[in-house]
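2 protein chains.
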Amino acid sequence: MDEREGAKRRIRMVVAYDGTRYAGFQLQLGVPSIQGELEKALGKLLGGSRTVVFGASRTDGGVHAEGQVVHFDMTGRIPAEKIAFALNTMLPDDIRVTDSRRAADGFHARFHATGKLYRYSVWNARHASPLHRLTHAHVPVPLDMDAMRSEALTLVGEHDFRAFQAAGAAGGSTRRRVHRVRLYQQGPHIELLIHGNAFLYNMVRIVAGTLMDVGRGQVLPGAVARALTSGDRLDLGVTAPARGLTLLRVFYADDDQADAYFGVPLR
Amino acid sequence: MDEREGAKRRIRMVVAYDGTRYAGFQLQLGVPSIQGELEKALGKLLGGSRTVVFGASRTDGGVHAEGQVVHFDMTGRIPAEKIAFALNTMLPDDIRVTDSRRAADGFHARFHATGKLYRYSVWNARHASPLHRLTHAHVPVPLDMDAMRSEALTLVGEHDFRAFQAAGAAGGSTRRRVHRVRLYQQGPHIELLIHGNAFLYNMVRIVAGTLMDVGRGQVLPGAVARALTSGDRLDLGVTAPARGLTLLRVFYADDDQADAYFGVPLR
Numbered sequence: 001m002d003e004r005e006g007a008k009r010r011i012r013m014v015v016a017y018d019g020t021r022y023a024g025f026q027l028q029l030g031v032p033s034i035q036g037e038l039e040k041a042l043g044k045l046l047g048g049s050r051t052v053v054f055g056a057s058r059t060d061g062g063v064h065a066e067g068q069v070v071h072f073d074m075t076g077r078i079p080a081e082k083i084a085f086a087l088n089t090m091l092p093d094d095i096r097v098t099d100s101r102r103a104a105d106g107f108h109a110r111f112h113a114t115g116k117l118y119r120y121s122v123w124n125a126r127h128a129s130p131l132h133r134l135t136h137a138h139v140p141v142p143l144d145m146d147a148m149r150s151e152a153l154t155l156v157g158e159h160d161f162r163a164f165q166a167a168g169a170a171g172g173s174t175r176r177r178v179h180r181v182r183l184y185q186q187g188p189h190i191e192l193l194i195h196g197n198a199f200l201y202n203m204v205r206i207v208a209g210t211l212m213d214v215g216r217g218q219v220l221p222g223a224v225a226r227a228l229t230s231g232d233r234l235d236l237g238v239t240a241p242a243r244g245l246t247l248l249r250v251f252y253a254d255d256d257q258a259d260a261y262f263g264v265p266l267r
Numbered sequence: 268m269d270e271r272e273g274a275k276r277r278i279r280m281v282v283a284y285d286g287t288r289y290a291g292f293q294l295q296l297g298v299p300s301i302q303g304e305l306e307k308a309l310g311k312l313l314g315g316s317r318t319v320v321f322g323a324s325r326t327d328g329g330v331h332a333e334g335q336v337v338h339f340d341m342t343g344r345i346p347a348e349k350i351a352f353a354l355n356t357m358l359p360d361d362i363r364v365t366d367s368r369r370a371a372d373g374f375h376a377r378f379h380a381t382g383k384l385y386r387y388s389v390w391n392a393r394h395a396s397p398l399h400r401l402t403h404a405h406v407p408v409p410l411d412m413d414a415m416r417s418e419a420l421t422l423v424g425e426h427d428f429r430a431f432q433a434a435g436a437a438g439g440s441t442r443r444r445v446h447r448v449r450l451y452q453q454g455p456h457i458e459l460l461i462h463g464n465a466f467l468y469n470m471v472r473i474v475a476g477t478l479m480d481v482g483r484g485q486v487l488p489g490a491v492a493r494a495l496t497s498g499d500r501l502d503l504g505v506t507a508p509a510r511g512l513t514l515l516r517v518f519y520a521d522d523d524q525a526d527a528y529f530g531v532p533l534r
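These protein sequence lines are chains E and A, in that order.
For the record, in the first sequence the residue sitting at position 98 is 98 according to the numbering used here, with numbers rising by one throughout.
Position in the second sequence counted from 1, then plus 267, gives you the numbering used here.
Same shape as in the complex, but just chain E:
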């Protein structure tokens, strides 16, 4: 009955993208954005007035996603599962919808998210890698992985992460819970996986930059603990470049287990 012409349905999609060319997820006038491309493709598919797309995470310019989640409302007869295929014929090849399905009417991609999983990737070798230049930060000096791992462990738990956000970030509570952090190394590849209930603006890039600075000896071990106490951004390291960051997955109450990702690193 809901599938009749005119009935409104809420659709939930998983979206993957190479963020290199984009100013970020969020629609901005005059520059390419992921939201803008999705809304343009939906306009071609559905016609009518603008279809507004809501994303779980407002990823920055240059940040990638394997599992961004978005929602929007539509009318019309197209089965929800076919929308991914239809949109993929109209989207640029650096954006792909990997899943589309009907959601409950009240579902909200952002407000209902219970957790997020990010990966930060580093190419740790004397010379940069052309094949990883868009997805990895390049660190040409050796890194002390043990020091980085110890430092990372102090992030775990519920803390006030106010030191871990970009200057001028929006107000509101800065308490967040980091469930798990893991560092993997295989040859020149280093991966940081971080799973938490939510993240402040630039928090993952500040975490990654601080761990790298500890790894190369430019920030003393214990910086994370000091910053959690002081709340001072200056106790931490640099903000790591956007290109190394990928939003791997957004979790919801019906499915919030990240275990599989921590067992299968360095894909």
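Simulated from the structure, these hints should not be mistaken for laboratory data.
This structure is a prediction, so every number in the text was calculated from the model and none was measured.
C-beta: ideal position from N, C-alpha, C; glycine also.
Take a look, some chain E residues computed to stay more than 12 Å from chain A by CB distance:
no.	residue
1	G171
2	H179
3	V181
Stretch by stretch, here's where chain E covers chain A in the computed footprint (C-beta under 8 Å, at least three residues):
no.	region
4	282-294
5	388-400
Given chain E, put chain A in place with the hints provided.
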């Protein structure tokens, strides 16, 4: 004494590239090539007349490399080890020299190669992956990995591979030895690693295309054995797309062990 101004030295370099933008390794007039970019950068660095660069493998347009090997001759005082750093400041960011060192005067990147190791990468999922679109072929249907593995094993050994080359390939012996072939799978990632003493033109892409065609049931198992007997290209599957192929390493008599690569798949 050899380092004095004017003394000629032969230099051997390892070169990595994202082949997407290039017509291939080999210099071609009017289109970008890896050899062309290397010679342009060497021209800026060394001045004087053209420095001719010889590559171990004439990779096709769209084919990538992590370990192409080249050689050239130079005069001047720059220490061999510094050349990589100097060239990397002048090369486009999709080409990087990862090693430069002095070689024996008679060293030839191509003629002295004793083996090559290639990787063919497939993204096996219903929808393509934006983050792997330049380095993986997309296969949207399920693949029978067991059938592909059995088929791959029949490649191993010394055979007349004349069926495994592009039509119109150059003459000469078509006997080659395949040392080892391995297929790895991790979620949607599939990797074919193939190590041999040398490969015919398009041989790895024909191997990869045939294995994928066997995997999706479009070519009957036993195709490789039939083609090795018949010498007929038509007994095999499609030529897989260039973008999935990466030259990982070129081996020489002083260092021809590929074992480490077969133990560390899917990086």
